[in-house]
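Undergrad: Those protein sequences? They're chains V and S, same order as listed.
Start counting the first sequence at 1; every next residue gets the next number (the UniProt record's numbering).
Start counting the second sequence at 1; every next residue gets the next number (the UniProt record's numbering).
The hints are simulated quantities; they were obtained by calculation from the structure and are not laboratory data.
Don't take each hint at face value.
[Stated by the list, open to error] If you want the ones that stay clear, here's a sample from chain S, every Cβ over 12 Å from chain V, calculated:
1. 34
2. 46
3. 54
4. 56
5. 57
6. 171
7. 209
8. 261
9. 276
[Unchecked claim] So the derived list for chain S, only partly shown, Cβ under 8 Å to chain V, looks like this:
10. 19
11. 26
12. 90
13. 99
14. 181
15. 213
16. 216
17. 241
18. 262
Bear in mind the structure is a predicted one, so any value in this text is a computation, not a measurement.
Think of the CB as a built atom: it goes at the ideal place given N, C-alpha and C, for glycine as much as any other residue.
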Amino acid sequence: MSRFTKIALIGLILFPFAFLLMLSVGRQWPYPAVFPEQWSLGNWQLVLVGSEGLGNSVLLSVLLSLSVATLSTGLSFWVSRHIAYHPKREAWLSLAYFPYVFAPVILAACLQFFFIVAGLYGTFGGVLLAQLFITFPYGVIFFSSFWNERLRSMEELVKTLGGSTLQAYAKVLVPVAKGALMTCFFQLFLISWFEYGLTNLIGVGKVPTLTLRVFQYVNEANIFLAALASCLLILPPVALLWLNRAVVFRERIAP
Amino acid sequence: MQQRWAAYGGRSLFVLLSAVPIVAGVSYALLYSLGLTGVMAEGFTLAHWQEILGDAAFWRTLGFSLYVAAVSILIALGLSLALVLRSPQAFTKGELSFFIYLPLSIPAIVMAFFIFQLLGKGGWLSRVSHQLGLISALEQFPDWVNDNYGIGIIVAHVIMATPFFTIFFANLYQNERLGEYLHLAATLGANGRQRVFRVAVPVLLRRGLATVFLYFMFVMGSYEIPLLVGSQSVQMVSVRTIQRLQRYNLGDIPEAYAISVAYTVLVVVLLSGLLWYNRKQMGRT
């Protein structure tokens, strides 16, 4: 690939990011101006000190995604072991594909009634549980290929030497699975972080995550705040990507 | 003994969190659509199903969802295969191997907003066209969002799917040692066109069929993008279902649940087809 094509491709990839960043610091953008007429960091200050509540949405989104990712990763790691070592592993695993038959938003629509009955409709706990329904099976599928005979032998060795199940997890399985656990955690964090339809339907707008804020600002035709909320949504995944690259790069050059 | 209970506990939790919600959701939707539950329930009736199945708009919705998914995936596949086959190493080593991941960090709702601001009548491309003298008024810019052909939806999905398939095929190219196959084909006298269309594309598509199909279903059931940049007259399945559920007319709710069940049946049929094809392929090899 020529240098020019490479630069053109990178430019194309970066265009949406630059465009959203431009709108997030813009104020006046009358037609047919190509760029906003006023530039200001005022919108960004709203995140920190303003009354728009964007800072609260950031915290809420972080708390929700961290909770979903932690719970799903932990539970799916533990459960996937019992599925992977079952003689009818494939049949069990096919159940994990069930949630993907539905689009998440349609799943939420069909489950609304049960969330109302359980008193979870419009609550943080309800949204967390609903997101578990799509992240947990993903985690089980993710870890299903992790368990193998070598790990089983290591686990049995711990027990032969007098160790408990808890010790086998703490001293052997979790350290061995550290990389897979981190990858799964990041992926589940992102699924939760990007979720809109299901969160909106089960949360009834009372759990205003950042994705809901973007939609709210678009509806209010406030493109500058919508762009700002979009930037805030993109920031953590980009940071995770950067971190991942830095770690991989460090591992590659390590002796 | 303790281990056996842990295994039972683990598997029960698995069923509880993956199968139970789906079975409960589909059962509730089916019962509602048959008039057996819900505020409007008056006993068993097929009226809602008859209404849905006889409604041209419902079939248009299903057809439109299939059309958007098929066109988006075909364009994204074409672009990603062209990129990977042109420079297979570019996406696994060097700067592009990092930059190609960046579009994956854009959520669907942000992509929809971006497309709206880019392709809308008052969007950035319209403004650039005005400055270049290509149009003299906002109305002259073509309808690329909220249009009946789903152009905005397709463009948004192509932008999201192309980097994903590029990464996927670039890794597949390496893992399947496609370079060696292509070299062998060249040694046996295959020209460039034959190497691409007789060797590379069939290998990559056959290996990636399940992923391509799952992405197809993801696009078909997408919600945020058609909600923001889709048309009101021709809707995708998720948007039509949710809008009917959220209307004030309670009579629309059973029909919304009937659409949910019909969509689920369609996806299950498509999935079964994929599994059948996969088994057939495995039987052949």
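Undergrad: What are the numbers of the hints that this structure violates, sorted from low to high?
TA: Of the numbered hints, 8, 14, 15, 16, 18 do not hold.
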